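Participant: Residue strings, one per chain:
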Amino acid sequence: MITRSEVLETNKMIEDYNLDVRTITMGINLMDCADSDIDKFNEKVYHKITTCAKDLVKVGDDLAKQFGVPVVHKRISVTPIAIAAAGCQTDSYVSVAHTLDRAAKAVGVNFIGGFSALVQKGCTKSDEILINSIPQALKETDVVCSSVNIGTSRNGLNMDAVKKMGEIILQTAELTKEQDCLGCAKLVVFCNAVEDNPFMAGAFHGVGEKDCVINVGVSGPGVVKKALQEVREADFETLCEAVKKTAFKITRVGQLIAQEASKRLNVPFGIIDLSLAPTPLIGDSIAEIFQEMGLEEAGAPGTTAALAILNDNVKKGGVMASSYVGGLSGAFIPVSEDHGMIVAAEKGALTLEKLEAMTCVCSVGLDMIAIPGDTSAATLSGIIADEAAIGMINNKTTAVRLIPVIGKNVGDTVEFGGLLGYAPIMPVNTYSCEKFIKRGGRIPAPIHSFKN
Amino acid sequence: MKGIITVLGKDHVGIIGTVCTYLSRNDINILDISQTIVGSYLNMMMIVDLSIVKKEFTVLVDEMVELGENMGVAIKMQHEDIFNSMHRV
Numbered sequence: 026m027i028t029r030s031e032v033l034e035t036n037k038m039i040e041d042y043n044l045d046v047r048t049i050t051m052g053i054n055l056m057d058c059a060d061s062d063i064d065k066f067n068e069k070v071y072h073k074i075t076t077c078a079k080d081l082v083k084v085g086d087d088l089a090k091q092f093g094v095p096v097v098h099k100r101i102s103v104t105p106i107a108i109a110a111a112g113c114q115t116d117s118y119v120s121v122a123h124t125l126d127r128a129a130k131a132v133g134v135n136f137i138g139g140f141s142a143l144v145q146k147g148c149t150k151s152d153e154i155l156i157n158s159i160p161q162a163l164k165e166t167d168v169v170c171s172s173v174n175i176g177t178s179r180n181g182l183n184m185d186a187v188k189k190m191g192e193i194i195l196q197t198a199e200l201t202k203e204q205d206c207l208g209c210a211k212l213v214v215f216c217n218a219v220e221d222n223p224f225m226a227g228a229f230h231g232v233g234e235k236d237c238v239i240n241v242g243v244s245g246p247g248v249v250k251k252a253l254q255e256v257r258e259a260d261f262e263t264l265c266e267a268v269k270k271t272a273f274k275i276t277r278v279g280q281l282i283a284q285e286a287s288k289r290l291n292v293p294f295g296i297i298d299l300s301l302a303p304t305p306l307i308g309d310s311i312a313e314i315f316q317e318m319g320l321e322e323a324g325a326p327g328t329t330a331a332l333a334i335l336n337d338n339v340k341k342g343g344v345m346a347s348s349y350v351g352g353l354s355g356a357f358i359p360v361s362e363d364h365g366m367i368v369a370a371e372k373g374a375l376t377l378e379k380l381e382a383m384t385c386v387c388s389v390g391l392d393m394i395a396i397p398g399d400t401s402a403a404t405l406s407g408i409i410a411d412e413a414a415i416g417m418i419n420n421k422t423t424a425v426r427l428i429p430v431i432g433k434n435v436g437d438t439v440e441f442g443g444l445l446g447y448a449p450i451m452p453v454n455t456y457s458c459e460k461f462i463k464r465g466g467r468i469p470a471p472i473h474s475f476k477n
Numbered sequence: 013m014k015g016i017i018t019v020l021g022k023d024h025v026g027i028i029g030t031v032c033t034y035l036s037r038n039d040i041n042i043l044d045i046s047q048t049i050v051g052s053y054l055n056m057m058m059i060v061d062l063s064i065v066k067k068e069f070t071v072l073v074d075e076m077v078e079l080g081e082n083m084g085v086a087i088k089m090q091h092e093d094i095f096n097s098m099h100r101v
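If you read the protein sequences in the order shown, they are chains B and E.
When we follow this note's numbering, the leftmost residue of the first sequence carries the number 26, and every step to the right adds one.
When we follow this note's numbering, the leftmost residue of the second sequence carries the number 13, and every step to the right adds one.
Simulated from the structure, these hints should not be mistaken for lab results.
Keep in mind that a hint or two might mislead.
On the chain B side, residues computed to face chain E include the following (Cβ under 8 angstroms) [to be verified]:
{"#": "1", "residue": "Asn36"}
{"#": "2", "residue": "Asp87"}
{"#": "3", "residue": "Gly93"}
{"#": "4", "residue": "Arg277"}
{"#": "5", "residue": "Gln280"}
Everything numeric in this text was worked out from a predicted model, so none of it was measured.
Glycine included, every Cβ here is placed at the ideal spot set by N, Cα and C.
Chain B on its own, in the form it takes in the complex:
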């Protein structure tokens, strides 16, 4: 029999500590929409998305009501458009982005991911078309998210693509400067991108996936923080146990919602992504977890260790709670989306270099960081290369989502609104890496990739 204390604990997590299911993301394969005529391709894409996802939002809302836990986002990921649209005879995929935008709005989801290309070893003609379409596509659409995978531990890094993406990020910033360069918040550059990630902006539906799947991303930094408040001054063993137990409980909620959503939508369950995703709300912050662990601010010495503990124990606790764990699974450290990170960055406690160190042990990478608008494309590429190298050598996913804010400099702030939050412009090392980036070509796969 369910006890009063269990009911109270669960409802306190939901009502007081922001426990939620962050996203139900439906992955949809678009490869069967292939057509040499781009108009017909767009028609098929629209039809497929609006058919597969017609009940997604209703089911998400019904589940939230039935179980009394918020299901914050309902989203869609699709096959990388550079693959799905490769048969089209065209020189631009901007019309495809419009189709994705229309389809997403028609079914009521708030983001659709998959305006993507996987170019870790080289670009096809279609990859080039997609990458060149990104700035215009992100300018002209509202809910389309784009990602480009430029490297893997198995293949090394495509440095031509790294160079190109520095330029594309700047062009996207320029084209969306009226909205504080918001386009860049919808663009991620990955190394070791995962095919079943339900979180935006980097979600896409991998080519090894079923036709349609349901992936669920859980969250709950506030709940972890609360659990750590109860073990203040205890040793690390106790701290780790507290994180594990909490992660287990959070993930079980995600598993329940995923299974129910899968049943009601008649779509197979893919994975649970065990991530701690912060929001700009006070109390829903990864940085506040660090403070609870004993650091004055995020960025203080000890932060990387604290993040490593958090990431590892979230996984250890969550893995047993779900039958299929996947996606990015760990702790996200976006700056603008995390109140504690914003404060630490404003005070100067948290720097870009410290964030880079933290990405060695977090689940993704340099995320939602506003930098000066006069940062050069080569510097952006240099940052991407550094981050990708961390991912390649350490067999982990790393990503870069930087926002060069045109017309703003260190000391200014930028407001994205909603869950994307706001951020101070952080300083970037201004020494040049232009000659390094200009070399082009590929960085060969690391020695430890030869495992076969």
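Following the hints, complete the assembly by docking chain E onto the known chain B.
Facilitator: Okay, now just chain E, sitting in the frame of chain B:
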């Protein structure tokens, strides 16, 4: 199927009676009920059987929220599985 109902708010005459009348009208059987009053605040929990209920779960949730608002208390009904999932291995 079972539901868990929680009622939270300032105590006054008729809260439990109103909730029970609503449940009975909708063929919902009460399996367990417990309550505490701290200061003048009521904290009640019920486990109810929904196996013969005709209305959709989400409709019941909405109606109970409204019922609570009319009495100045917060009434929440949740499917038991969220608690089973979280607290049972």
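Participant: Indicate, hint by hint, whether the structure satisfies it.
Facilitator: Going through the hints against the structure:
1. Asn36: Interface hint status for asparagine 36/B: holds (7 angstroms vs cutoff 8 angstroms).
2. Asp87: Aspartate 87/B check passes; min Cβ-Cβ to chain E is 5 angstroms, inside 8 angstroms.
3. Gly93: Given a least distance of 4 angstroms, the restraint on glycine 93/B holds.
4. Arg277: holds, 4 angstroms
5. Gln280: holds, 7 angstroms
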